[in-house]
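> Please model the complete structure; the sequences and the hints are all you need to start from.
Each residue of the sequence shown is one higher than the one before, counting from 1 in full-length UniProt numbering.
Careful: at least some of the hints might be erroneous.
Computed beta-carbon distance windows for the label pairs [to be verified]:
1) Arg229 <-> Asp265: 32 to 42 Å
2) Ala51 <-> Asp200: 50 to 60 Å
3) Lys115 <-> Leu88: 14 to 24 Å
Below, simulated EDC-like cross-link-like pairs (lysine to aspartate or glutamate); rule was C-alpha separation at most 20 Å, straight line [what the hints assert, rightly or not]:
4) Lys308 <-> Asp13
5) Lys451 <-> Asp496
6) Lys204 <-> Asp219
7) Lys238 <-> Asp249
8) Lys323 <-> Asp339
9) Lys188 <-> Asp78
10) Lys179 <-> Glu143
11) Lys515 <-> Glu563
12) Lys46 <-> Glu347
13) Lys141 <-> Asp196
14) Lys194 <-> Asp231
15) Lys475 <-> Glu491
16) Lys194 <-> Asp78
17) Lys194 <-> Glu86
18) Lys14 <-> Asp231
19) Lys43 <-> Asp196
20) Lys43 <-> Asp219
Please keep in mind that the hints were generated in silico from the structure rather than gathered at the bench. For every residue, glycine included, the Cβ atom is placed at its ideal position computed from N, Cα and C.
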Amino acid sequence: MLKLSLNHVKLRDKMLLIYFLCVLIPIVLTNVIFYNVTTNNVKNQKMKDIAITVEKARNDLRSQIDIALGISSVLNTDYFLNESLERLYKTDSEYIASYNTDIVWILNKYSPVYKSIKQITIYTDNPTIIGGGYVIPITEKVENSEWYREINQTSYPIVVRNSELGAFGRENMYSIIRKLNYSADQNKWQKFVKIDIHADAIGKVFSSIALDGDVFLVDEDNIIQYSNRRDIDWVNQKAAYSPSYLASDAFLFEERYSNMNDIGDWKIVLAVSEEKVLEEVRKSRVSVYYLALTNILIPTLIIAWIMKSLSARLVGLLRHMKKVKYGSFHTVAYGDHRDEIGQLTREFNLMTLQIKTLIDDVYVADIQKKDLELKRNQAQLHALQSQINPHFLFNALATIRTRSMMKNEVETAKIIHNMAKIFRKSLQWGKDWVSVREEMDLVLCFLEIQKYRFADKLNYQIEVDESAYSCTIPKMMLQPLVENASIHGIEPLKEDGLITIRIEHRDGSLYFSVKDNGVGMNEEELGRMMRSLHESEDMGDNVGIKNIYYRLQMYFNGEADFEITSSPGEGTLVHIRVPDRG
Numbered sequence: 001m002l003k004l005s006l007n008h009v010k011l012r013d014k015m016l017l018i019y020f021l022c023v024l025i026p027i028v029l030t031n032v033i034f035y036n037v038t039t040n041n042v043k044n045q046k047m048k049d050i051a052i053t054v055e056k057a058r059n060d061l062r063s064q065i066d067i068a069l070g071i072s073s074v075l076n077t078d079y080f081l082n083e084s085l086e087r088l089y090k091t092d093s094e095y096i097a098s099y100n101t102d103i104v105w106i107l108n109k110y111s112p113v114y115k116s117i118k119q120i121t122i123y124t125d126n127p128t129i130i131g132g133g134y135v136i137p138i139t140e141k142v143e144n145s146e147w148y149r150e151i152n153q154t155s156y157p158i159v160v161r162n163s164e165l166g167a168f169g170r171e172n173m174y175s176i177i178r179k180l181n182y183s184a185d186q187n188k189w190q191k192f193v194k195i196d197i198h199a200d201a202i203g204k205v206f207s208s209i210a211l212d213g214d215v216f217l218v219d220e221d222n223i224i225q226y227s228n229r230r231d232i233d234w235v236n237q238k239a240a241y242s243p244s245y246l247a248s249d250a251f252l253f254e255e256r257y258s259n260m261n262d263i264g265d266w267k268i269v270l271a272v273s274e275e276k277v278l279e280e281v282r283k284s285r286v287s288v289y290y291l292a293l294t295n296i297l298i299p300t301l302i303i304a305w306i307m308k309s310l311s312a313r314l315v316g317l318l319r320h321m322k323k324v325k326y327g328s329f330h331t332v333a334y335g336d337h338r339d340e341i342g343q344l345t346r347e348f349n350l351m352t353l354q355i356k357t358l359i360d361d362v363y364v365a366d367i368q369k370k371d372l373e374l375k376r377n378q379a380q381l382h383a384l385q386s387q388i389n390p391h392f393l394f395n396a397l398a399t400i401r402t403r404s405m406m407k408n409e410v411e412t413a414k415i416i417h418n419m420a421k422i423f424r425k426s427l428q429w430g431k432d433w434v435s436v437r438e439e440m441d442l443v444l445c446f447l448e449i450q451k452y453r454f455a456d457k458l459n460y461q462i463e464v465d466e467s468a469y470s471c472t473i474p475k476m477m478l479q480p481l482v483e484n485a486s487i488h489g490i491e492p493l494k495e496d497g498l499i500t501i502r503i504e505h506r507d508g509s510l511y512f513s514v515k516d517n518g519v520g521m522n523e524e525e526l527g528r529m530m531r532s533l534h535e536s537e538d539m540g541d542n543v544g545i546k547n548i549y550y551r552l553q554m555y556f557n558g559e560a561d562f563e564i565t566s567s568p569g570e571g572t573l574v575h576i577r578v579p580d581r582g
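Shown next as structure tokens:
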């Protein structure tokens, strides 16, 4: 398998490779990607903005038509208006009076309120109504109109477009036409309401999107009802909408009025050329090119300058290093520079001047020093272990002697046997680690001796997990704790004492606890003891506790936990946790 390696490539070539791979190519790619991403983002944002504008135009147009539809719906359900239009008037004056008091009052409520409403006209075939004002008779001309035929073919309102000659030429106008047939009791005569919407109201709806492209308002018959294209004559004649009106590269936006209040499926079509959408990005194309050129040229000059500074000094340093193996310890001239190469050069100069001293003196002395420290630690360990024997044997032998003088008992032999067993184990210091079973055998011997000493005053309980017996621990780790519990905790008591020993094996650790119900210690005494463990290295007082604590720290490298809690009159509890070493 071919493994790519640059270990044999010169430093100058590596730096050139870094320049091309990490500077030149990334900058070019970054600028290309930046331009494309920016183009797409602007394009998407522009299209979103146009789509929102078209949707707004749709909603505005719907709002204009909904206003007219709402007015027609109110008029359709107005009882007084329909009653006035259905009534047979005996005289013209009677109609005029009803017209002024009922019809005019009702219709005048809407035009001032809704500025988009140009005019409201009612058509009826009631023969007693005089044509004029808001009410127009249905004449033959009306019956021949297209909207009259269309409204009679449906029961829903319709939207029609018509044009009329205004001050500025022909104006395009939209009208909502509806039958007034809400009440079956008021349908003797034909009645229609025609609500005209101002032409500028519709024009304003589309003026917001007209600047973006070609706008078309198309009805359900695909007839153009509005457009900003001047080359299409949709005002004076019916012009069908066709996709051929649109440019080939145009983006198409459509908003439909699907079943808009039952007046048909109309839609707004906006066609915007790609050039229009990307106009802003393409204006900034030259700036992007200049920025890319600047990003390439300036880093290139800076990197070339830095490469020259690095390469020349590293080559000189390498040349001096090659001379060292031949015994030449000349220093490098430019060791006063403050950058990393200067520091490396300065350290190289120091190395060349001190290398012989380090080999002949310092290195040998360091080895001797470490050997002495190792021997010192070993001697200290044996010293700690040896401190416990005289102290314990003195108390045990004194007790046996006193009891033997007072009584001539057979059990003294048993105590002497336990004493001999303890003495024999304590002398075997070549074995630093013992099993929990061996340690507990030693503890039981000690407890039997203490029970012999205190008679019924001392009791003990031992609970050991079966899996813990085979685990190894430092020799005599528990015996000094049991000795302290009996001598300092139980002996001063007037009543019976109890020592409880528990050993648990779980979660890869051994947990030991030695508890007594003796006299205990107050907070000050306990604090003084704990401080002596952490702050003082000599044995002094509390030899047994310090012996255990120091050996745990040495054997387990600080991974052992040692904790003492005590209260006056309640006794003392010692907790130890050590890692399970098998």
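> Against this structure, judge whether each hint is valid.
Results for each hint:
Between Arg229 and Asp265 the CB atoms are about 22 Å apart, so this pair departs from the stated range of 32 to 42 Å. Checked against the hint of 50 to 60 Å, the pair Ala51 and Asp200 fails, with Cβ atoms roughly 25 Å apart. In this structure the supplied range 14 to 24 Å is violated for Lys115 paired with Leu88, their Cβ-Cβ distance being about 37 Å. At most 20 Å may separate the alpha-carbon atoms for a hinted pair to count; Lys308 and Asp13 meet this at roughly 12 Å.
Note on Lys451 and Asp496: the hinted pairing holds, with a Cα-Cα distance of about 11 Å set against a maximum of 20 Å. The hinted pair formed by Lys204 and Asp219 meets the criterion: a straight-line CA distance of about 19 Å does not exceed 20 Å. Of the supplied pair hints, the one linking Lys238 and Asp249 is violated, its CA atoms being roughly 27 Å apart against a limit of 20 Å. At roughly 24 Å between alpha-carbon atoms, Lys323 and Asp339 are farther apart than 20 Å, so this suggested pair is violated.
Restraint check for Lys188 and Asp78: the C-alpha separation of about 16 Å stays at or below 20 Å, so the hint holds. With a C-alpha separation of about 14 Å, the suggested pairing of Lys179 with Glu143 holds against the 20 Å cut-off. A C-alpha spacing of about 12 Å is found between Lys515 and Glu563, which places the hinted pair at or below 20 Å, so the restraint holds. At roughly 62 Å between alpha-carbon atoms, Lys46 and Glu347 are farther apart than 20 Å, so this suggested pair is violated.
For the proposed pair Lys141 and Asp196, the alpha carbon gap of about 19 Å is at most 20 Å, so the pair holds. At roughly 31 Å between alpha-carbon atoms, Lys194 and Asp231 are farther apart than 20 Å, so this suggested pair is violated. Restraint check for Lys475 and Glu491: the C-alpha separation of about 25 Å exceeds 20 Å, so the hint is violated. For a cut-off of 20 Å, the pair hint linking Lys194 to Asp78 stands: about 15 Å separates their Cα positions.
In summary, the hint linking Lys194 to Glu86 is supported, as the alpha carbons are separated by about 18 Å, within the 20 Å threshold. Of the pairs offered as hints, the one joining Lys14 and Asp231 is violated, with about 66 Å between alpha carbons and a cut-off of 20 Å exceeded. For the hint linking Lys43 to Asp196, the alpha-carbon distance of about 40 Å lies beyond 20 Å, and the restraint is violated. Taking the CA atoms of Lys43 and Asp219, the gap is about 30 Å. The hint is violated against a cut of 20 Å.
Of the hints listed earlier, those the structure fails to meet are numbers 1, 2, 3, 7, 8, 12, 14, 15, 18, 19, 20, in rising order.
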